[in-house]
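Participant: Chain residues, written in single-letter form:
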Amino acid sequence: MALLEVKNLGISFGGLRAVDDFNIAIEKGQLYGLIGPNGAGKTTVFNLLTGVYRPTDGIIKLDGKNIIGKTPDEICQIGISRTFQNIRLFKKMSVLDNVKVALHHQIKYSLVGSMLHLPPYAKKEEEMDEKALEILQVFDLDAQTETLASNLPYGKQRKLEIARALATNPKLLLLDEPAAGMNPNETAELMETIRLIRNRFGVTILLIEHDMKLVAGICEYLTVLNFGTELATGEPEVVLNDSKVITAYLGE
Amino acid sequence: MNLVTSILEQLINGLRTGSIYALIALGYTMVYGIAKMINFAHGDIIMVGAYSLYVFVGMLELPVPLAIILTIVVCAILGMTIEKIAYKPLRKAPPLAVLITAIGMSYFLQSAALLIFKATPIPFGSVINVPSLRLGSITISGTTIVILAVTTVAMIVLTLFINKTKAGSAMRAVSEDKDAAELMGINVNGTISLTFAIGSGLAAVAGILYICQYPSLIPTLGALPGIKAFVAAVLGGIGSIPGAMLGGIILGIIESLSKAYISTKLADAIVFSVLVIVLLVKPSGLLGKKRTEKV
Amino acid sequence: MKKKKLKKSITNIILIIISYAAITILINSGILGRQMSSLIIPTGVNIILAVSLNLLTGFLGELTLGHAGFMSIGAYTGALITLNSGLPPAIALTLGIIAGGLVAAVFGLIIGVPVLRLRGDYLAIVTLGFGEIIKSVLTAVNFTGGAMGLSGIPKYTTYKNYTLVFIFIVLTILIISNMVHSRHGRAICSIRDNYIASEAVGIKISKYKIMAFVISAFFAGVAGVLYAHNVGILKPNNFDYNKSIEILVIVVLGGMGNIKGSVIAAIVLTLLPELLREADSYRMLFYAIVLIVMMLFNNSGLKERIMEQFKSKKQVTTEGGE
Numbered sequence: 001m002a003l004l005e006v007k008n009l010g011i012s013f014g015g016l017r018a019v020d021d022f023n024i025a026i027e028k029g030q031l032y033g034l035i036g037p038n039g040a041g042k043t044t045v046f047n048l049l050t051g052v053y054r055p056t057d058g059i060i061k062l063d064g065k066n067i068i069g070k071t072p073d074e075i076c077q078i079g080i081s082r083t084f085q086n087i088r089l090f091k092k093m094s095v096l097d098n099v100k101v102a103l104h105h106q107i108k109y110s111l112v113g114s115m116l117h118l119p120p121y122a123k124k125e126e127e128m129d130e131k132a133l134e135i136l137q138v139f140d141l142d143a144q145t146e147t148l149a150s151n152l153p154y155g156k157q158r159k160l161e162i163a164r165a166l167a168t169n170p171k172l173l174l175l176d177e178p179a180a181g182m183n184p185n186e187t188a189e190l191m192e193t194i195r196l197i198r199n200r201f202g203v204t205i206l207l208i209e210h211d212m213k214l215v216a217g218i219c220e221y222l223t224v225l226n227f228g229t230e231l232a233t234g235e236p237e238v239v240l241n242d243s244k245v246i247t248a249y250l251g252e
Numbered sequence: 253m254n255l256v257t258s259i260l261e262q263l264i265n266g267l268r269t270g271s272i273y274a275l276i277a278l279g280y281t282m283v284y285g286i287a288k289m290i291n292f293a294h295g296d297i298i299m300v301g302a303y304s305l306y307v308f309v310g311m312l313e314l315p316v317p318l319a320i321i322l323t324i325v326v327c328a329i330l331g332m333t334i335e336k337i338a339y340k341p342l343r344k345a346p347p348l349a350v351l352i353t354a355i356g357m358s359y360f361l362q363s364a365a366l367l368i369f370k371a372t373p374i375p376f377g378s379v380i381n382v383p384s385l386r387l388g389s390i391t392i393s394g395t396t397i398v399i400l401a402v403t404t405v406a407m408i409v410l411t412l413f414i415n416k417t418k419a420g421s422a423m424r425a426v427s428e429d430k431d432a433a434e435l436m437g438i439n440v441n442g443t444i445s446l447t448f449a450i451g452s453g454l455a456a457v458a459g460i461l462y463i464c465q466y467p468s469l470i471p472t473l474g475a476l477p478g479i480k481a482f483v484a485a486v487l488g489g490i491g492s493i494p495g496a497m498l499g500g501i502i503l504g505i506i507e508s509l510s511k512a513y514i515s516t517k518l519a520d521a522i523v524f525s526v527l528v529i530v531l532l533v534k535p536s537g538l539l540g541k542k543r544t545e546k547v
Numbered sequence: 548m549k550k551k552k553l554k555k556s557i558t559n560i561i562l563i564i565i566s567y568a569a570i571t572i573l574i575n576s577g578i579l580g581r582q583m584s585s586l587i588i589p590t591g592v593n594i595i596l597a598v599s600l601n602l603l604t605g606f607l608g609e610l611t612l613g614h615a616g617f618m619s620i621g622a623y624t625g626a627l628i629t630l631n632s633g634l635p636p637a638i639a640l641t642l643g644i645i646a647g648g649l650v651a652a653v654f655g656l657i658i659g660v661p662v663l664r665l666r667g668d669y670l671a672i673v674t675l676g677f678g679e680i681i682k683s684v685l686t687a688v689n690f691t692g693g694a695m696g697l698s699g700i701p702k703y704t705t706y707k708n709y710t711l712v713f714i715f716i717v718l719t720i721l722i723i724s725n726m727v728h729s730r731h732g733r734a735i736c737s738i739r740d741n742y743i744a745s746e747a748v749g750i751k752i753s754k755y756k757i758m759a760f761v762i763s764a765f766f767a768g769v770a771g772v773l774y775a776h777n778v779g780i781l782k783p784n785n786f787d788y789n790k791s792i793e794i795l796v797i798v799v800l801g802g803m804g805n806i807k808g809s810v811i812a813a814i815v816l817t818l819l820p821e822l823l824r825e826a827d828s829y830r831m832l833f834y835a836i837v838l839i840v841m842m843l844f845n846n847s848g849l850k851e852r853i854m855e856q857f858k859s860k861k862q863v864t865t866e867g868g869e
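Protein chains in written order, with our numbering: chain X, 1 to 252; chain B, 253 to 547; chain U, 548 to 869.
Treat the hints with care, as some may be off.
In silico SDA-like pairs for lysine to any residue, Cα to Cα no more than 25 Å straight-line [unchecked claim]:
no.: 1; chain 1: X; residue 1: K92; chain 2: B; residue 2: M289
no.: 2; chain 1: U; residue 1: K550; chain 2: X; residue 2: E126
no.: 3; chain 1: B; residue 1: K517; chain 2: U; residue 2: P661
no.: 4; chain 1: X; residue 1: K171; chain 2: X; residue 2: F201
no.: 5; chain 1: B; residue 1: K534; chain 2: X; residue 2: P153
no.: 6; chain 1: B; residue 1: K344; chain 2: X; residue 2: F201
no.: 7; chain 1: U; residue 1: K550; chain 2: X; residue 2: S150
no.: 8; chain 1: U; residue 1: K858; chain 2: X; residue 2: S150
no.: 9; chain 1: B; residue 1: K288; chain 2: U; residue 2: Y742
no.: 10; chain 1: X; residue 1: K124; chain 2: X; residue 2: P153
no.: 11; chain 1: U; residue 1: K807; chain 2: U; residue 2: V727
no.: 12; chain 1: X; residue 1: K213; chain 2: X; residue 2: P153
Derived, one-sided and incomplete: chain U residues facing chain B with beta-carbon distance under 8 Å [what the hints assert, rightly or not]:
no.: 13; residue: V653
no.: 14; residue: S683
no.: 15; residue: L838
Derived by calculation from the structure, the hints in this document are not laboratory data. Quick reminder that beta carbons are idealized off the backbone N, C-alpha and C, glycines included.
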């Protein structure tokens, strides 16, 4: 059974059919890519998967269970996490705290414990600090734990967002244009990091990208989206050489 | 006096109060549409209008028509100045900051009036000298007639302006998409200034009409009508000009009927409850458009 | 990390002891005149009000303009209990404080639920509306004394009984400060910083918004009870929009999200008007200017440009010193 099963997914915004009859099946542990020209509806698909929008048609199943109708925070707890096209960090909070928010449901203590800093507080906070640092180390951010998120350089902000999403212990991680604005060196580093995440944490990854080098370099399977619907699906070498796909990107 | 007459009278009262709310609500809605902010100080411009009229007619003894024009000009300039000093620098700031600044501006106007004119209510005779009208068993006061007439004319002129003039189209464009409008060559700053000027001018008219109906000047006279007019704007759909007019009138009637048939003391609570209900049931109001945020 | 936290705790305990000692000395030695002594409790009340409002405005990031409403509900609840319960003073007052806080908290829930879907401007206006509704109802209803309000409330919290009020100030600051530095506090702050991302990492926004409202309202209610038993009279008009703004000014001046700032600003803004009694009519003007200037300074890029000036000057001096 596929980890993520999507069939006939569709949504209309007023008269505009933004996504139509979209299908995708992602196996556990896969590195899957979702590509397509600008405006094809890729981020809309992400929004549908994470409960930001409610689809008008279709089904979405994670591990065989339907997730349509669940709120974004519920979907996160069920096991889907994401990053955003325009980075959405907690700007006034430190790097460490950004990740600690993501650990909210995994390491807990009561409200009374929060108000009075009763014994579990100190121990659990330490646990959280350790766990957060562990994740930040993967992204080379462990030296800047107290830095305000908004003061990080762009590239590190993107990494922090991925680190934060990873901290929620997801089954499926959705990355929305993680390489946007990166130079070739940073992109190569990112490719390594993404592979590491999948290998070390066992996370299935679905990413949206425009950088074809990255897509061809790490994606094991691709779906091409155009005008809200699938254009092609398959392994990168096949899909990227498909004439329909090339036309979609370059125009007639 | 039978029930029908009584209800009709209350409806007329409601229409009158509602017209004033509509005039004020127009200012709120236009500014919200263009600058995406609630101008908390808008209500206090009504107060400035009222006091200005007093200064021009009561103190300087200028002829009434001239005084009215000057009052409108003063308020329009004040509105534009406030925008330039306090709101423009914060266009990129978080909405919370702008809101607090607007509150500060409102407070500033009230405290300035308090310092200049003191807290004691100043009685001020109405400048309207139109005779009342008798329709069967109902008497409509001259003031009411003028208020209804002025408001209707103002609404028609404004609608024509928005829909038929170049400046009006510019205003509509900026409220749809500020950046696109700028790229199209529209003078965004000028358009925003113009919006504030018109809104404040309407507030001035509302202030003049208000003071003719309730001839007593106090520094806080604009606060409550201002907030109620905001409720009206939300009721009608914030950002929608016909909405502001509709909302104003409906709210005026609700208030009037509440005061007459439920309780004067609870009338305010009822007006604010309308706000809560609208925002819970249909936040975009009667005629407004839904705003979706891009994720 | 552990050493840092221990050091912080000890510093805080010392601060508390010193403040208490200072106030005790000031009151008992007669250094403070009658006028100044009578300001101690109002200052304490304002501290509790400001810190509780800061939870909503500074940490949750939502401007609410009805804080005085929560205060009034607490005040009336507490006063009605002490006036009518027939219990001995200490018990009646304790009961009054707890009840006042709880009833206010219930109203925090009542108001918090409808505003869940709202943000920013709309939320501010609705809370303003609720504040006015509360005031309106208190004026109309009989058992709260209507427009005349309640009078003859026993003065259990004059400056002579400052210990009780001091305890509540410390409790308020402690609890809210602790909360802010906990997982619940981080959840609340994340909503302020980016509510879409907050949901995406699993935070149930409605739960934490309500939590903030309820806790904030509770402490405002407590402050109300302490206030009621200090002045002895309650009128609905004392708890209007202006009162809510006064508290907001304190929070803004002290810095949103800055608890220590709220404490200092509360002290300054309670004492200053009294010290400048003659300039009372300028007080409102001053508040207005504070709000406007603080916002412009913090948000228009002016602060950043001045910081840049300081940085470059610093560099020049260090280089010159070589």
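Participant: Return the numbers of the hints above that this structure violates; sort them in rising order.
Facilitator: Per hint list: 5, 6, 7, 10, 13 violated.
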